[in-house]
Structure formats: structure tokens, C-alpha cells
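Colleague: Here is how the chains run, residue by residue.
Number of protein chains: 2
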Amino acid sequence: MERVSTHLRTLASTLAAGTRLPSTRSLSADLGVGPVTVQRAVALLVAEGLVETRPGTGNFVTGSARRATPRDVAWQAEALGLTRPRVVDTTASGVRAPGADVIPLHWGYPLPELQPEGLVRTALSRAVRHPDALMPAPSSGHPLLRQLLAGELSARTPECDVTADDVLITSGAQSALVAAFRGLASPGDTVVMETPTFWGAIAAATEAGLQIVPVASGPRGLDPEALDRAMRTHGARLVYAQPTWANPTATVWDPTTRSAVLGLLEEHAAFLIEDDWARDLSLGDDHPLPLVCRDPHGHVVYVRSYTKGMSPSIRAAGLVARGPAMQRIRGSRWAADLYVSTVLQLAAAEILGSPGWRRHVGGLGRQLSVRRDALMTAISRHAPSAELTSVPQGGLSLWLRLPEGADPATVAARCLQDGVAISPGDEWFPGEPSGPFVRLGYAAAPTEQFETAARTIGRHLPR
Amino acid sequence: MERVSTHLRTLASTLAAGTRLPSTRSLSADLGVGPVTVQRAVALLVAEGLVETRPGTGNFVTGSARRATPRDVAWQAEALGLTRPRVVDTTASGVRAPGADVIPLHWGYPLPELQPEGLVRTALSRAVRHPDALMPAPSSGHPLLRQLLAGELSARTPECDVTADDVLITSGAQSALVAAFRGLASPGDTVVMETPTFWGAIAAATEAGLQIVPVASGPRGLDPEALDRAMRTHGARLVYAQPTWANPTATVWDPTTRSAVLGLLEEHAAFLIEDDWARDLSLGDDHPLPLVCRDPHGHVVYVRSYTKGMSPSIRAAGLVARGPAMQRIRGSRWAADLYVSTVLQLAAAEILGSPGWRRHVGGLGRQLSVRRDALMTAISRHAPSAELTSVPQGGLSLWLRLPEGADPATVAARCLQDGVAISPGDEWFPGEPSGPFVRLGYAAAPTEQFETAARTIGRHLPR
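Note that the protein sequences, when read in sequence, are chains A and B. Throughout the first sequence, residue numbering follows the numbering used here, covering 1 to 463 in sequence. Throughout the second sequence, residue numbering follows the numbering used here, covering 1001 to 1463 in sequence.
Source of the hints: derived by calculation from the structure; they are not laboratory data. For clarity, every value in this text was computed on a predicted model and none was experimentally measured. Glycine residues also receive a C-beta, built at the ideal position from the N, C-alpha and C atoms. Be aware that a few hints might be false.
Stated by the list, open to error - Stretch-level coverage of chain B by chain A, calculated; a stretch enters the list once three of its residues show a Cβ under 8 Å from a Cβ in chain A:
(1) 1023-1035
(2) 1050-1057
(3) 1203-1211
(4) 1268-1274
(5) 1357-1367
Stated by the list, open to error - Taking CB as the label site, the calculated pair distances span:
(6) B:E1078 <-> A:A216: 26 to 34 Å
(7) A:T163 <-> B:R1358: 42 to 50 Å
(8) A:G49 <-> B:Q1211: 55 to 63 Å
(9) B:G1032 <-> A:A216: 38 to 46 Å
(10) A:T163 <-> B:A1100: 19 to 27 Å
(11) B:G1032 <-> A:G151: 23 to 31 Å
(12) B:D1072 <-> A:R126: 40 to 48 Å
(13) B:Q1211 <-> A:A409: 35 to 43 Å
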């Protein structure tokens, strides 16, 4: 019948309104189908308003098929009601795809040449041939990948008793963050965040309906006294942080901060979401122990991204939680997503288990440190008024304070006009920015372009 | 340094508390590293609490490394605060993986032999080799897949002007539903739903903090008068429904219902989420026109699943929305997920564009209709007191009313003890069930098992 109705629709759209359709008998003969099929097809077009039946006379084209009604969506403004916070949108500079003719210092993913392309393609190809590949994965994740994350953590210190049962696999760290925010807090609740911090976490918390209390992070990490004060003042039971190579400052919490924060979590009976986004992005030999390894009682909910070190196509992350917290997070995540494609989970497990993976991570660190140095040198030569806040030992970017009076958005817009994309720092502040910052990534552009980029930036800064 | 600290941790875990560690010099010589490296490794263990330094005496094992602290998560109950609604959990029978020795009439995915396994593996393998495969996809989706969905809709009728710009690709229909609920309504708002309806939609709306107003669906679909009344009484501006082969009743809205509901949406300036979950699961020649094709002004937000007809591994769905509604939904989705793996999107596009796909969909429908008939026959023979509510023309399951007095949960539990998994109907009701129902899937078990299954069910029903 579909063929017949399609034919009739085409006919109706080419005939003038009021034109009579051929009779059922003649259509039936023309199309080589029974009269009942023709009648059913005509009834469908009547239902669609393309044809009207005049009893005793025949079927006539209404004319409404001649063209689509012009779209008018103005009614939606009032229907949608209250407006939403600005931060939840798709304009964050770190995910705006780089144009081909732009030097992408804004971009949050390593260049293809820094990715383990061979490993990833091989792992995906093997995963596709795996007997489990086309089965739905269990909601908590494929056992192999869950076991690998638990093993990675428990191998770090005998204190750490994370098991595969404590692991939930999600489609990327962003899903894990949303599930954690929703699972651990209710709309209107308060979450303490380092400031500046990852815009994705700000968006996820906002989308979960949480109120964000920003606490400044210094060179040693989150100030425990300020954290204690903020939690008391605002009754916060939930903290979000990146203790290791924070995005964007590259800060690593020192051992004293780590112990003090763990103590505060116990004291306040509170949760910390430890976003370990850069685990595979160490620029040296340092691999700080995740906080979750020193937390036997389930205060720390740990999120470990695989996407950044492997490939944007391996959308998989692991989340560790213990106790009822895990049940809540699993529930939120399940309602949002059900499960992650088995193919991607098998590929991630294959990569993690391959001997090439450790080699890749080591080599990536060396390449990133060369790139970091090259960009630092170029900036200090051509844009000396931009002050580097610290030399990153992990992660993908420099965090620079512009001279007073410079407006990051204006500088970014001017640089973009001249073919250099940089990120205004404001997107990393949940509240008001503490100064004029920009973030420059050293992983997404060819190093040969660093000099040009730095020169362009320097040109648009006050001296 | 990692090697050294790992060595020291092993040492600390095997020595009694209070034992002195070897001197820096002797460790340095044993491990073939410089004394500074040893000191840094010791400092790390001190930070981790495994070792303590007694000035002037040396470094001593604290004993805390000897075994993991027993986990105590009792504090979480109070920290997590208000309890959550029951529906958001991971026990829904449609996603509990079937045990190997159970006849899985509860399971929501077609058997591997009904999936286009060759097509899927070939498409995934080709996708892995595609030049875009390892690039992050644009947040709204890969252009190819967006274009294919827009083309599928606009080919149906000249009235329909959906373009690729109106399409958002999400990782499965569940993500699309959550994004739509969050984007179109705020916590505390009301959504009208058909009852019974898909448990995943109930979970998604609940997770989005919405109040659900259930409206009974009859053999012609949602009753427009009841819908009008419910929207007025509760001030609802959002409706969720499956107008074509609803899960679980297999109801198809008739043309009058469709027109009336579209009229009501305009009258109330309201949105309808049209969940077209079974588009590829027609058991005959009928392919009803999606409502979105008759809605020029963006009242209908359309969700089209690819996972069901292709493979659980192709976690991809398309959502169509127009106007500010799309901006809101895109924002919610972006905060939750950022983007979908390019590999999965390319594979879905490859499958949809292949000549084998149409053949597969046609063949699947024929196989499903044979299976439907076989299960219907077996049930009417062995469990005649279970009344089939309608003969499904699409989808994967029968919806049966048990005789009065039967408790679906008890029947399901007894059947499971005897090796047959069925779904108690209660999970499909957002409110109180309107009667004792069970859902039996005909796609996930070998047909040879239908007789045994029906006999087991019959044994546990009142006569």
C-alpha cells in the first residue's frame, strides 16, 4: 500500500487544488493492485488532508499538498515558560569544532597524530568480531571493563578495596557527572566546586538543578579551611573537584590538602565527586594517587575518563561509588541512558589490556611536554604580558592571566578574526571570573603554528 | 618513581606495624635509583599514611597498609536525604538480562538471529576505517545520519518540511526522551502520558522531576476528550505518547485520533513527544505516517529509535524538534552527554543507506508475524484464561489480561521458578494498574520454546 499512497501523494502535489483524482478502477489497473488497496491509500490521503471525498462524485485534491505550511514557532516562547540559565548551551568554546583555516588552540581533544590511532582501529575491529559485540551490555557495564578499572585502582595501594561491583560504565565522563550530581543531590541542593573549573561540570550541575558555591583553588589545591566554611555556611553535602591536573589550572592537590579534604568529608558526612579527567595525560613520571584509593567508606565518587587518552570515538568512562550512593547513581544513569554499546566497551577493554597502551601513554606524555614547552616559549616571546599561572605537569592546556583591563572575550574574538581560536577563561568560572584569563591548548594544533598563534595573541593584548 | 613506590608499598604491607624501613641509601642501591627518587617515593607513602617519619630515627611502617579498612557506608543514608521514587531502579523486567536456562519472554531485544548481524558487523567495520571515525562528532550529530532521518520523514508527504537542521542524534532513544522531558518542562511540571506506557518513559519523566497524569488509551488510541480534560485540569503543556504500535498494547492511533490530538496541541499551545520506537518493527505492510509529518509549527517532538531494528550495539536515535524547543532540548542533551561516538553514527548511516536494510526490515516483519502467531496459538491453547487485548501489527510483544484475581507479580515469580521469564504488566502503568496484565515478548526466545512457555504460564493461572 505504501507504494500506492506515495504515488497518490506525488500526484496530489502536482495537481491543482480541486482536480479530480482518477477513479479507483483506473488507478487499480494503472498500478496493478487491487481496488481495496487503492481505497485504503485514498483513505490515508484523506486522513492526511491531501484529498477530500465528495460522495457520489469522487476524490479531489485539496491543494494542501502543494507546499509545506510555512513554519511558525513563535507560540513556543510562552509554552516553554521560565527561561534557562545561560550556561547550558552548545557554544562553549572547547566543543565548537575547529574550522579548517583556524589554528585551534581552543579545542579540547588531542590531534589525531597524538591519538593511538592504530590501537583504536585494531581494538574496534576486534570488538566488532567479538561474540558479545551485538548483545546489549549489562546496565552497569561489561564485566571486563569494570574489572580493569577496579584493578587499576586496587593495584595502586593495598588500602584500596574497590572491586568490579563498585564500577559503573557510562558513555563518557559527562554522563557520569550528570548521573553523580542527580544521584547524590536533589534540585535546589548545594554543591561546592573549585573555581575555576571544568565548564562541563558547571553545565551538568546546573542541568541537575543544583546551586553552585564556588571556592577558590590555590597552587596547593582547594583550601580546606575555605571548603569547611563553605560547607557549613551553605549546608553543602556534595563537593566536585579535579584534584589531579585540574582543568583549566593544571593544579595538583598536595598531600596535605588531600588528607584534610578527606577528613572534612568524614566530618560533614559528605560526598566528593573526584573527576580524574587527565589520568592518561601526565607530562612526566608523576601519577598522583586518586583520592578514592584512600577512602574506604564511600565518601569519594570517582570518575575516570577513557575518551581523552584514547579517542573521541571511544565514548566510555568508569564511575566508582560504594553503598546506597551507587544505587542512586545507577538509578539516575539507568533512567538517562540504559546501557553503553558493547562494541565501545570491548574496544576500550582491548586497548587498556594491550601492551601498546602503556607505551602510548608514556609517549603521549613526552609529546605533550614538548608541545607545552613550545607553546610556553612562543607565548613568552610574543605575548609576554600574558602571565602563565603555572607550568602544567598534566593535561592539555596553559592557563594564562591577561594584563588588567584586557577583556578575554574581546581578545578571543579578535584572535579568531585573525585565524587563531582561543578560549576566554570566563567559561570555567561558575560565578564571576576572578580575573581576565584565557586557556590555550597545546594538543590540538600543529606545533609549527604556535609561533604564528602567539604573535597574533600578542598583537591583541595591551602592552 | 612509580616502580619504587610500588616496591615500598608491597614492603609496607608485608612488614609488621612499627618496623623500620631500610635506609634511603640501601634502598637506593637495591633498586638502582638515585636517593632523591627514594625520598620522593617515601614522601608519597607518608602522604598515603602507610609510612611515618620519626625525625632522626628513620621511616616506620604504620601498619595501615596491612589490609583495607572494612567498608562502612551506613553514614550515607542520612547524607543522601530524601528517598527517591521506586520506579527509578535497575530491576525493570525488560532489561534484566535473561539467564541462560530461562525462556526469555520478558526480554525487550530481538534474538541475534533476527538482527541484521552481517549488515551491522560490515557497517561497523567500514565505519572504523572511515576518515571521520576517530574525530569527535558535532554535538548535534553526524551530518550524514541527520540527513537520513530528515529525508525519511520528508519523503513521506510533501507537507513535511523537516530538514537535517531539525535533527539531533542521541545515544539511544532513552537519552532523547530524558533530554526532551528536561528541555520542554521544569521539575514539578505536569506531563500527560498514555496508560499503560513504556516504563523507560515513566522513569525518564520521573527522573526529570515531572508529575505524571495518566490518561487511558483505548483501541483507537488516546481519547481526545480525556486528553483535553486532563490538560485543562492539570495545566499540562506536555504530552508523551507512542501513537504507532504503542509499547505494550500495540495500539495504533486511528486517523481521527491523530487529527484531534494535533488540534488539541495547537489549542493548548502544547508539546507532544512522539516516541516512534517501533518504526522498523511493522508486522505487515502498514507504516503509519508519523504525527510530526503533519505538524508544521513544532508542536511534535519526534523520537526515532535505531537500536531496536538494527542492534543493541548501535546505540543511536534521532530526535526532531523545531524552534526554541530544539535549543532547550539540545542544551539539556549537551549537558548530559556532549556527543555520540562517530563510529556508531557512521555505522547507523551505513546500514540505513545499504540495499540490505530495506530487505532486512521486510524480512524481520515477516518473521515477527510468524512468531506472534505462534505465541498467540500456544497461549490460546495452554493458557486460554489469559485474554489477548489485541493482535499486534507491529512491535515485539503480546499484552494479555489475566483473569480477575490473578496477581501478575506472583504469576511472573512462579513462572520464573519454572524457567519462564515474563513481565508483570504493572511496570507499564505510571499510576495504579487498570487490571492484571502481563507482557509476553515473541522476539527473544526460540519459537520451539513457545509451547513449553505457554504451558507453564497456563499452569500458574486461575482457570
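Colleague: Could you run down the list of hints and mark each one as holding or not?
Modeller: Against the structure, the hints:
Residue count for the region 1023-1035 of chain B with a Cβ under 8 Å from a Cβ of chain A: 0. That is fewer than the three needed, and the coverage hint is violated. A count of 1 residues in the region 1050-1057 of chain B with a Cβ less than 8 Å from any Cβ of chain A is obtained; the coverage claim is therefore unmet, three being the minimum. Counting residues of the region 1203-1211 of chain B whose beta carbon lies closer than 8 Å to any beta carbon of chain A gives 5, which meets the minimum of three for the stated coverage. Residue count for the region 1268-1274 of chain B with a Cβ under 8 Å from a Cβ of chain A: 3. That meets the three needed, and the coverage hint holds.
As drawn, the region 1357-1367 of chain B meets chain A at 0 residues by the rule of a beta-carbon pair under 8 Å; below three, the given contact is violated. Checked against the hint of 26 to 34 Å, the pair B:E1078 and A:A216 passes, with Cβ atoms roughly 29 Å apart. Distance hint for A:T163 and B:R1358: a CB-CB separation of about 47 Å, consistent with the stated range 42 to 50 Å. Checked against the hint of 55 to 63 Å, the C-beta distance between A:G49 and B:Q1211 comes to roughly 34 Å, which is inconsistent with it.
B:G1032 and A:A216 have their C-beta atoms about 43 Å apart, which keeps the hinted 38 to 46 Å range intact. Taking 19 to 27 Å as the suggested C-beta distance range, the pair A:T163 and B:A1100 conforms, at roughly 24 Å. Checked against the given bound of 23 to 31 Å, the beta carbons of B:G1032 and A:G151, roughly 27 Å apart, stay inside it. Evaluation of the 40 to 48 Å hint for B:D1072 and A:R126 yields a pass: the beta carbon distance comes to about 42 Å.
For B:Q1211 and A:A409, the Cβ-Cβ distance of about 40 Å falls inside the hinted range of 35 to 43 Å, so the restraint holds.
Checked against the numbered hints listed earlier, the structure breaks hints 1, 2, 5 and 8; every other hint is satisfied.
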